[in-house]
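Visitor: Here is what each chain is made of, one letter per residue.
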Amino acid sequence: MTRRRRDIKAFFCIATGRAGLPDTPSDLAAFVSWAQESHILGQVAAVVTAEVGSKLYDILENARLRSSYDRRMLTFETNRVRRALMGADIQPILLKGSAYVAEHLLAGVGRRVSDIDILVPEEHLKETEKLLGQAGWRAEESTAGAYDQQYYRRWMHELPPLRHETRRTLIDVHHRLLPRTSRIRPDHLKLMADARLIEGSDLMVFSPTDRFIHSAIHIFGDGAFETPARSFIELFYLYSDLTGAERQSLMLRAKDVGAETPVREALWMLGEYFDIQAKGGKAPWLLKWCIRTVTDGQGGLVYLANALLYVRSHYMRMPLPLLAGHLWKKALRRV
Amino acid sequence: MTARPLEKYMKADAIRALKSGTLVLELGAFSTRVKLSDRRSVAFFLDMYADCLVTLGDCALSDFSLTVRPPNQFRKYFRHQVVPDPGFGFPAAPLPVSMSPLALEMGLNLSVALQCFRYAIFHAGVVAEGDQALIIAAKSGGGKSTLTAALMEEGWRLLSDEFAILDLEEASLRGYPRPVSLKNASIDVVRGFAGKDQVSETLHGTPKGSIAYRRPRRGDIERMALPARPRVIVFPAFTEGAAPRCQEIDLADTAMQLIASSPNYQVIGERAFTGLMTMLDGMKAYEIEYGSTEDSLALVSDLWRSHVS
Amino acid sequence: MSAGPNSDDWVWVVDPDHFIIYEIGDTTFVFSRLSGTTHMLNLVSRAMLDFLTGKPKTLGEVVAGFADYLQVPKEECPSGVVRRLFDELDDVGLVERILP
Amino acid sequence: MSNNQKKDGDFLARRRQLLKLGAAGVPMVLTLKASATQPIHSALDCAFVIHNKVKILVDADGKAWMGDGNIREKNGKYKSQDIKQFKNNADYVFPEYTVPERFRPDECDEGGDSCSGSSGYGDDDSGYGSYGGGYGDDDGGDGDESCDSDDDGGYGGYGDDSGGHSGDDSGGSSSWRHGGGRGDDDGDDSSGGGNGGWTDCYKLYEIDRNTTITPSDYLNGSGNWNLNGPNGLYLLLAGKYLDTYGNDGGFPGISCLLSILNYLEMQ
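Chains as they are written, first to last, in my numbering: chain A, 1252 to 1586; chain B, 622 to 930; chain C, 5 to 104; chain D, 42 to 308.
Don't take every hint at face value.
To be verified - Among the chain A residues that face chain B by a calculated CB cut under 8 Å, a handful are:
1) Ala-1280
2) Lys-1306
3) Leu-1307
4) Leu-1316
5) Arg-1317
6) Tyr-1320
7) Glu-1374
8) Ser-1500
Hint data in this document are derived by calculation from the structure and do not stem from the laboratory. Bear in mind that the values here come from a model prediction, so they are computed numbers and not experimental data. Built from N, CA and C at the ideal position, the CB exists for glycine as well.
Produce the entire structure from the sequences given, and follow the hints as far as they go.
Guide: Shown next, in the form of structure tokens:
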């Protein structure tokens, strides 16, 4: 199929419900196939409606059914974490998808997820691991190997991923936001200090500002670029949820917690794709080029841009000799 | 842009559309964009799907997109292989290009099994008399497809050889009449009673042995929109030389086995549960064992007569 | 493995809005709306579900009262079996704790 | 509609029977899932054939070498010279801690062979090579000669699972495959036993030619791997390889394994 160059910005507009669907069948088909390829149909289905009986209706309904499964799974796993820690004096902070779902945020609707992330103070790490272990979450054989264990415990910001024996769901237990080795060192203690309880629960979430900052750290600081469109829409919704005052003080808070660079890059992205002109948005040219190339998804340089983003994600996480060692012995999650 | 039977298009147009990924197959509840890269799968598609409705052009929306392509862009210069790529990073095993029809059929099955959530999918063959359906549960070595093909000769219409596709609202099954996949000895058996021209050429040496496909008939496709209410489910067991035997089984066990055979039951959740329980209400389930096609047909016809008049 | 720590003083309940039920013979199919999972219960586990549905009880009360509820002699329904049965329902999230 | 109210004659008897089973440890709640061991759709019902004999050598640190060289054995010890030869000619080398404890040699006579220490970090550039290899094809030739020999793969019957082109998509990987050839530090291993000695610091697993491996046989009911024996070890290594290099061909059987892993991931 020969396609015209895509108007990505217009697509993002439609995907977030700020513009109607394209008028012509061929534009509509181009938009839908972009959404399919970008794995954001669930997010699109949350804000776009179609005429009952149309093929678009079927496609969106299918996506809704799929994403309601993810939401149910996340909610139940959160419920199980709560159950496992019942009676212990540990109040984990839900991160990312599980937090969005627990807080009923638009950022969580239709977003594909596969595992649950929680953050606990370092001094509670052992106890958390023990209790989760008793409730059936075990390090998988692959990561139970000595190297992997050592790697995770020494260098990463999380325990090795734990998989539930019977439900097979994965949980990542963090005690900081980025690896100890990371180039960016956000002050997780400051973020944790401002976390709050979810209404009617003993689980916690970050403040709205910190949620945006953490998402920016994860996406731009940690290099989560596998599904850029999905991540960008998430950032857009998180930003949209901020009040005027919160937006005003965002950069200040970002500097305070040591996350200035990723937040600037996230703000640049919001300007680039969502017409949000926030103060402080800035990104290096190479990153801009990579992101534009990957997001556009066409042309022979996509692979190069992806590869550079991949290198960058590892570069951001650890110093060079370690990086080489890790790539050499990359931990295996699945077998 | 209305869909027309594939054979009504100029052959050159259809081939061009298949190769450029602008052909959309409208079959049953699903629209699938199909892109093929090799001559053999194109020829197979034009032949086996000749009576199916398709559209050409890049304006049609589709539930699934399937590409049968070489494993990667470099490899196509070295080896002749293809993989079915349903477009969500599911890298199924590469097959030699000579087996591309198998890759196509596998890919179409994968698309439904892993990407459809609007219907509950169970691994089974389904045939119907009018709007009353018989489910033939898949059991390894049970002979589901042979029995399905044999029942087609007895006047049953084919809903699907691979999936029972359950409507989540009304406990009826939807048609998805694609070629019936036949393995090894059953290929010649079916050629024998259905006629040579009804069965594709045989693919030898596939991971599952020899494979050929029995085409759906024009009547199956014309009536595919007519849903059917399942009345009887059989779990077939083919045993060489066995005397025909039939045993009723508990519906609770049946539910358990059907759930275990469903790729999307868990994802759909509540509506799949209520749909399945409603469907089973009033159904009869049997295990049947037989040593020949004639015996299997006799068993099924007895069961059918005693429960569905 | 258990769903988590427990105590005889904790109060538990089964919330009828959180599942739906179909019966086929003696077997009860339970679909949990929280987990999205289907469970098969036999007459005994079904009785435990009924015992707790809408009627909060401490684990201690469950252990003490289940044999009577089943109308079987205590010695046929040892507390270890009752606790394990409770754990099975707890494991799949069908019983929920009422926080004090 | 409490069940308690609708008891018929032997209702109580059936309950008491079930209680006895409960006392014997039989679960009373059964959770229904699509069983991962029953590959639901035919595409996953894959198996692959190992056409030529494969040997996997494992040391006490969990390092592994895969190849087809000959290793003489006597009284549970292996000829040190053969071991060295085997390592040098191995088609695939996996770093320490790859192989879980249960596959490693039990006791090791320290005098026999100094199982070499850290490797892995030595080959600094390997990581970057793989990015380069991704979009340029220049590295391609490298993968060829070793992979052709183990090209038996993927699917049985036609031995055509894309061996030999691994260089196309992951140039850097060659350092893993060419254990000896790429100056892996084991070449410098000054094995204490000397060339004429024998060592029990290794365990050798063999897979006969024309062995069919069906990955789904190694999954238990809840979809977890239960890997044992030589074939299980093979799958484990295939999985490790897969995670690092992806489905780039090379390793026999990888595609079959991958399709199952992906299926599991989606459950």
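Visitor: State the violated hints by number, sorted upward, taking the hints as numbered earlier in the document.
Guide: Violated hints (numbers, rising): 7, 8; every other hint is consistent with the structure.
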